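When you get a sec, could you build the whole thing from the sequences and use the hints?
Protein chains: 2
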Amino acid sequence: MTTSLPHAVDPRALTEVLDGRWGHVRRVARADLHDPDLLPAYGESVQEARERVTRMARKIAESGRVVLGFPKEYGGEGDAGGSVTAIEMLAFTDLSLMVKAGVQWGLFGGAVQALGTERHHDAYLRDIMSFDLPGCFAMTETGHGSDVQQLRTTCTYDPETQTFDLHTPHEAARKDYIGNAAQDGRMAVVFAQLVTQGRRHGVHAWLVPIRDEQGDPMPGVTIGDDGPKAGLLGVDNGRLTFDHVTVPRDMLLDRYGSVAPDGTYTSSIENETRRFFTMLGTLVRGRVSVGGSAAAATKLSLDIAVRYGETRRQFSAPGADREVLLNDYLVHQRKLLPALAATYAYSFAQEELVGTMHDVQGAEDLDEGAQRELESRAAGLKAAQTWHATRTIQMAREACGGAGYLQENRLPHLKADTDVFTTFEGDNTVLLQLVAKGLLTGYRDAFGSLDGWGKVGFIADMVRETVLERTAARGLIARLVDAVPGRDDEVPLLDRGWQLKMLEDREKHVLEGAIRRLRRGAETPGVQPFDVFNDVQDHVLRTAQTHVDRIVLEAFVAGIERTTDAGARALLERVCDLYALTTIEADRAWFLEHGRLTATRSKALTATVNVLLKDLRPHLVTLVDAFAIPEDWKGAAILREEAGRQEAMYTDDMATHDTGLRRGTATSLEVPPGQ
Amino acid sequence: MTTSLPHAVDPRALTEVLDGRWGHVRRVARADLHDPDLLPAYGESVQEARERVTRMARKIAESGRVVLGFPKEYGGEGDAGGSVTAIEMLAFTDLSLMVKAGVQWGLFGGAVQALGTERHHDAYLRDIMSFDLPGCFAMTETGHGSDVQQLRTTCTYDPETQTFDLHTPHEAARKDYIGNAAQDGRMAVVFAQLVTQGRRHGVHAWLVPIRDEQGDPMPGVTIGDDGPKAGLLGVDNGRLTFDHVTVPRDMLLDRYGSVAPDGTYTSSIENETRRFFTMLGTLVRGRVSVGGSAAAATKLSLDIAVRYGETRRQFSAPGADREVLLNDYLVHQRKLLPALAATYAYSFAQEELVGTMHDVQGAEDLDEGAQRELESRAAGLKAAQTWHATRTIQMAREACGGAGYLQENRLPHLKADTDVFTTFEGDNTVLLQLVAKGLLTGYRDAFGSLDGWGKVGFIADMVRETVLERTAARGLIARLVDAVPGRDDEVPLLDRGWQLKMLEDREKHVLEGAIRRLRRGAETPGVQPFDVFNDVQDHVLRTAQTHVDRIVLEAFVAGIERTTDAGARALLERVCDLYALTTIEADRAWFLEHGRLTATRSKALTATVNVLLKDLRPHLVTLVDAFAIPEDWKGAAILREEAGRQEAMYTDDMATHDTGLRRGTATSLEVPPGQ
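Protein chains in written order, with the working numbering: chain W, 4 to 678; chain V, 4 to 678.
The hints are simulated quantities; they were obtained by calculation from the structure and are not laboratory data.
Do not rely on the hints blindly, as some may be mistaken.
Straight-line C-alpha distance at most 25 Å; calculated BS3-like pairs for lysine-lysine [what the hints assert, rightly or not]:
(1) V:Lys511 <-> W:Lys606
(2) V:Lys504 <-> W:Lys606
(3) W:Lys511 <-> V:Lys511
(4) V:Lys606 <-> W:Lys504
(5) W:Lys338 <-> V:Lys75
These figures come from a predicted structure and were not determined experimentally.
Put into structure tokens, the structure is as follows:
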């Protein structure tokens, strides 16, 4: 059914493609990041983990690798893509360190850079970069995580004293989950409702000292500790409460809005909502980092599970003198390989996202449309990659059996540390809704409509061209799709154009259906606007999911197009087939319901996936070799020990063969009780 | 589309049905288990957790609640169902304690009871029951978890000294993951290959002292610690290695096989494999306990997520003066309610399983067929319930946002502690294969065929009547199914008979297909037996999954039949609809592929599920109230604090209303970066 693959593919050729545009940053990280403090540590107490990670943050600052994104005039390199890539590489070593770095240089430093002006940069950027000024990004409140516009902390200007009064009115307004707050932070970028001359102007940010030189809380600042968490032991998440704290006027980060000494508010962006989203938009980098770091953890978990499955044996096949390798079982392949294929697909999509972010943020003039699309893409890929991480690491843990439950095999940390990735930097469900909204309204009028999307009249009037914008390798993809003949069900399942067309058709159909249902709801007399929206919420989220699936497949196709090594290219084509077909297979009910697949073809799809698994089985280890993860970053005892055990057992079995030892067969399965 | 539900249902009426036959054990546990050592503790070190759990195990032993299953003559009550229920109730308070109790009284004590004879009972049972003799169940080895018949530890009889020589030949034969080993265990039931007179007789068990009175390892015994794990901090899992340890002859647990002083081996069960499975079969109780305990953790997680969603608000609806409750969002309902419905379904299936176990094990004569069916049922429900727990607790964690990541809200512990449940007491994938094998070969000839199932000839000859044996409420279910008219697609989706028939048809069809494919493979010349099996492994596992889905639905129907309270019954009917339809919906691709659903009807199914969500929304809290979980068992700060925060915020908002605070709408979603 498929053309044959080369016998062996050089993983280095795959690594080169996966590494992409910031390959130099990755290579330097692989060569340099081997400090013992960086490598996986198990059984630490919270305090030990915090101390180690803080120590490591200082060392990393000295290395200069995490400040690539800062302006050249302050010692950075103005390299946004490089900064995100550097943070992602830290995720391979220690996820607490990655988060700590993300807080310090991505969120805190990034906010000062993006929302502040020259006086803030001159005063603080160098100390932030060197970690001499550890800081917090104090946005989320106990009562508001997803709906940031509704933060309850207030910051009220008093022209008499020319200062702001920063205040937490009640516990729901307490800043919560704030990294660097419980132990290290000396300052915080605090988000609050700006009030001046008796009027509110929406959420703004201030630079506020929270600890003095001795590390004690500043007057009026109460600092709490979020206490033990599921994971990320090395990150000191805490809570900040402000009791009428005085903040000097010039500590307002005033790039997008400022207050004159007399209290007059001015902004270059008239519309409050638009101003808010412009401010948030500058901070997209954090979301991109989380997606990339989730992918790093996913790769580690697959590396461990695949190598273990290539060594570990259980149950004998009739007539064989050794037991069967886990990786030789179809059901084990069904677990590992589709997850691996999706990981490759997301890698290409993430690489493209980082490049887009770098270019959009580095452009002379802000292209609002491009910025909106970037935010949508970042949101969708963050959600997809973090959910993929949660699922895949769980699967890898189970695929390693009881060994996967021991910290010495790394998987428990990967699981616990990444678990919150589906929540922070935006709850995934809310992020998908954001993506959906972009699709439903189109990017071009997003600013005007974000505010009123719930209003019935707007939905009824809404017009969206559902001609999908292709993302990457536009020409190639158009050619592939256009070459698919009309009668879909005669096209081979491995035809790339057909696969692309299936995902494209689905996105378009789901989107049009959602628009139709929203409009119908809006036109029904007596229905509350909330109910119009809520009755189709599942359908709306589906538009985002189908959109992400398509852009990811397109990115994969574009990635293959860039691959020059013939063997690597052939293997990637097969992996891409597996990603495309398992994506379609997972949702084949929809394709059946909508006449895109016949029953016969749907069954053939499943059979074809199984053929692909057989084809790819010999390349399983090559596919994880390509991640090029240094041995000491893995920290999994089973990778060091299992092969020796299997050898010892085999040797002993051969020696005692005469004693009449008999084996069961791979098909005579029984399992023990016992823990 | 549906008949209306009563306005309010008394949760106590639901509790009574859910509590079932061992309701008295549950009620006593709810009344009595409030020792501070039992309640959730956060931020403990491994040593603190171990000490607390050991302390608690002693207290629990004194209470007598965990020894219900032991014989009356030793102070127990011979109540197998009660013992499993008592362990399940411990799972609500502390999962480490539940596992520790399961090891001590279920596995270790259970093995002495079931595999030993009177002299072992007289010598040890009382001390085991009182925890004066903490012990281990040393079956699993580092090299063999799933394939117990292939354990590599040997125990060789020497007639000269009339002792056994217990030996670990290499590291793969080391006993691993053994609860009670690292700290508390004084003896262990050790499973090893019995060798006497130069012949092997398969796996047997010995009672072996591993520590002396001072707690030091016995000569020749090396004890290791499995070190930090993902969870279950209070369980001291360890490793045991035996270097030619001398074991007296009478320490062989010899109920099913004994060695005379001269080394002659005798057994009441001739066939070695049959003997092995008979020995393992007596230990089914552990697997039943794990399923029940997974369900307890699932209920706790749903209780927390549902109550939080009933208090927590985020985003405003147009025109409303408060933000929208999480539980009012369709997508939130789509997460919580199907999980809740499945939890109800499994509760009924588990209740039935415990009853069957109690009756089968308590019968005068062993009914081998009933015992086999019990083991299959226990395996299938263990797999289904533990995977459901992993998924549901993860979902609940995400549904609580960042709060779900803090230990103070309990969910991290529930997640980490139950994670290994999908592995221990049998890897779930292997367990499903065991279930499938039972279905494929039929129970009646299982003993004869277990050994040779991989052999080609056998498969080719295999005949199985695919008339499914109904499990519960046979008459009622037969009537419901028979009443479904021939043209399925005109029957209402809420017709219970149609739902039952769909799951029954699917099981039968999948099973027949698997048999056909196996036979075809076996008849193909040149195909290796392993490949015959492996090529259809995914299909084989599907038979088990479809089987479990059916018996669970049947148990739900039987449970409703026992419900006398009209309101509770009406509500359960609706919950059962949701379980049945979401189960069918999840696999609707299969039903479409096989002509059991038209495209139109498949779409209607999804719409009907959404209608059921609306119907059940007002009863969400009632459905978790029915779990009757005492407040102090929950240990979730958000359940104590969030309502007050929401009130304070609302009060403050109303007071500051004049200042022009404006809110976004539930449909204008944006989310913050920030961690």
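Here's how the hints hold up against the structure:
Using a Cα cut-off of 25 Å, the hinted pair lysine 511 of chain V and lysine 606 of chain W holds, with the two alpha carbons roughly 18 Å apart. For the proposed pair lysine 504 of chain V and lysine 606 of chain W, the alpha carbon gap of about 22 Å is at most 25 Å, so the pair holds. Our distance criterion of 25 Å between C-alpha atoms is broken by lysine 511 of chain W and lysine 511 of chain V, whose separation comes to about 38 Å. Annotation: proposed proximity of lysine 606 of chain V to lysine 504 of chain W holds, straight-line Cα distance about 22 Å (limit 25 Å).
The suggested pairing of lysine 338 of chain W with lysine 75 of chain V is violated, with an alpha-carbon distance near 48 Å, which exceeds 25 Å.
In summary, the structure is inconsistent with hints 3 and 5 from the numbered list given earlier, while agreeing with the others.
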